[in-house]
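Keeping the supplied structure of chain S fixed, place chain C upon it in accordance with the hints.
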Amino acid sequence: MKWSRILLLAVVAALAVGAWVLLHPSPEHLIRKQLEGVAHAVSFGPKESYLARLAAAQRLAGFFSTNVEVQINVPGHQENRLAGREEIQQAALSAQASVQALSVTFPDITIIVNADQQSAVADLTLQAQVAGQPDMIVQEMKFTLRKINGNWLIIKVETVRTLS
Amino acid sequence: MLRRVDIRPRMMDLRPSQARHSNSWLRNLAIGRNLKTTLVRAAVLTVGCVVIFTWVLLPVRVDGISMAPNYSNHSINFVNRFSYIRHEPRRGDVVGIRLTSPRGWSAPHIMFLKRIIGLPGETISFVDGHVRVNGRTLDEPYEKWACDWNLAPVALGPEEYFVVGDNRSMPKEDHTFGRAERSRIVGKALL
Chain S
1 MKWSRILLLA VVAALAVGAW VLLHPSPEHL IRKQLEGVAH AVSFGPKESY LARLAAAQRL
61 AGFFSTNVEV QINVPGHQEN RLAGREEIQQ AALSAQASVQ ALSVTFPDIT IIVNADQQSA
121 VADLTLQAQV AGQPDMIVQE MKFTLRKING NWLIIKVETV RTLS
Chain C
1 MLRRVDIRPR MMDLRPSQAR HSNSWLRNLA IGRNLKTTLV RAAVLTVGCV VIFTWVLLPV
61 RVDGISMAPN YSNHSINFVN RFSYIRHEPR RGDVVGIRLT SPRGWSAPHI MFLKRIIGLP
121 GETISFVDGH VRVNGRTLDE PYEKWACDWN LAPVALGPEE YFVVGDNRSM PKEDHTFGRA
181 ERSRIVGKAL L
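Just so you know, the protein sequences line up as chains S and C, in that order.
Sequence positions in the first sequence follow the numbering used here and run 1 to 164.
Sequence positions in the second sequence follow the numbering used here and run 1 to 191.
Incorrect hints may appear among the rest.
[What the hints assert, rightly or not] According to the in silico footprint, chain S covers these stretches of chain C (three or more CB under 8 Å from chain S):
#1 89-100
#2 176-188
[To be verified] Result set (DSSO-like, lysine-lysine): computed pairs, CA atoms no more than 30 Å apart in a straight line:
#3 C:Lys188 x S:Lys142
#4 C:Lys36 x S:Lys2
#5 S:Lys33 x S:Lys47
#6 S:Lys142 x C:Lys172
#7 C:Lys172 x C:Lys144
For the record, the hints were derived by calculation from the structure and aren't laboratory data.
Treat the numbers as computed from the prediction; the structure is a model and nothing was measured.
Beta carbons: idealized from backbone N, C-alpha and C, even for Gly.
Excised from the complex, chain S in its bound form (with noise of 0.2 Å):
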């Protein structure tokens, strides 16, 4: 009988705990949510259709701030800029363009939230697949996201060389 009582209780302890988290996500779920939509909304297969692009565009450009910063810098390759949502959404539209299909995901990722909560930096691994291409291609990234309006929105995104 005791025992069934501190199992009971150990069952809705746990429960609570569990509604809690799941009522009150921490900064690095909420962040890592985002992360995997973004990723989700750069992917595209060989069969979406235009307005299916154009809305994932959309979709992408709305997990940016409206200052958003890109730089892209891959050694053998030429540095590429973006500056707001609209670059984004362009170069988003223009890569599905341009290649068939193209898969990507985060599969490692660090997130830091600094002191004041409203700020974070994720330091993550991008794996990207084109279609028609053997190589996958694997590049350490750097995404500074700001709390605005209650919303982890992306500030800044960065390459990061590994090897230096």
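Just chain C now, kept in the frame of chain S:
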């Protein structure tokens, strides 16, 4: 006189006691003598495998040709995270290098597989395809293909290693190599 004897077992010929013996043998093979002990052993084995292959010996698949011909594309290997507990990485070691900053004991899903050619405090350069460590040519028996790389001297910091792939027949611009901080080295390749 010789008489041929058929030694193949025939179930229909078995007497009840022999059949019982055969059944128990099959049962022992499938679930062991004691089901409870077998379940405990299976659980311990499963937990052990999960722990070892998640945090200690990381199974990896080589993707790309930068380590060819010693590590071919799509070959399977393991990165041992306990290799550098007793000593620091050595020259010639093939190591897994994480791309993201390390945090806790989480194992990375994607790593670079490279060979260490330079140790902390050394100066590394490439002259007509030959590696020079502090000005002296490094003997590299694992190098199978000709290389014509040239690289100005790179001085390594106290926590930095110089890593490069074995396939230096490819253009230098297409090859990822350079300085890696000690904290990025995950472990040594097992095979």
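Outcome of the hint check:
1. 89-100: Our answer is that it holds, as 4 residues pass the Cβ test (under 8 Å) against chain S, meeting three.
2. 176-188: holds (count 6)
3. C:Lys188 x S:Lys142: 27 Å, holds
4. C:Lys36 x S:Lys2: 27 Å, holds
5. S:Lys33 x S:Lys47: Measuring from Cα to Cα gives roughly 26 Å; hence the hint holds.
6. S:Lys142 x C:Lys172: Holds. Lys142 (chain S) to Lys172 (chain C) sits at ~25 Å (cutoff 30 Å).
7. C:Lys172 x C:Lys144: Status holds; Cα separation ~16 Å.
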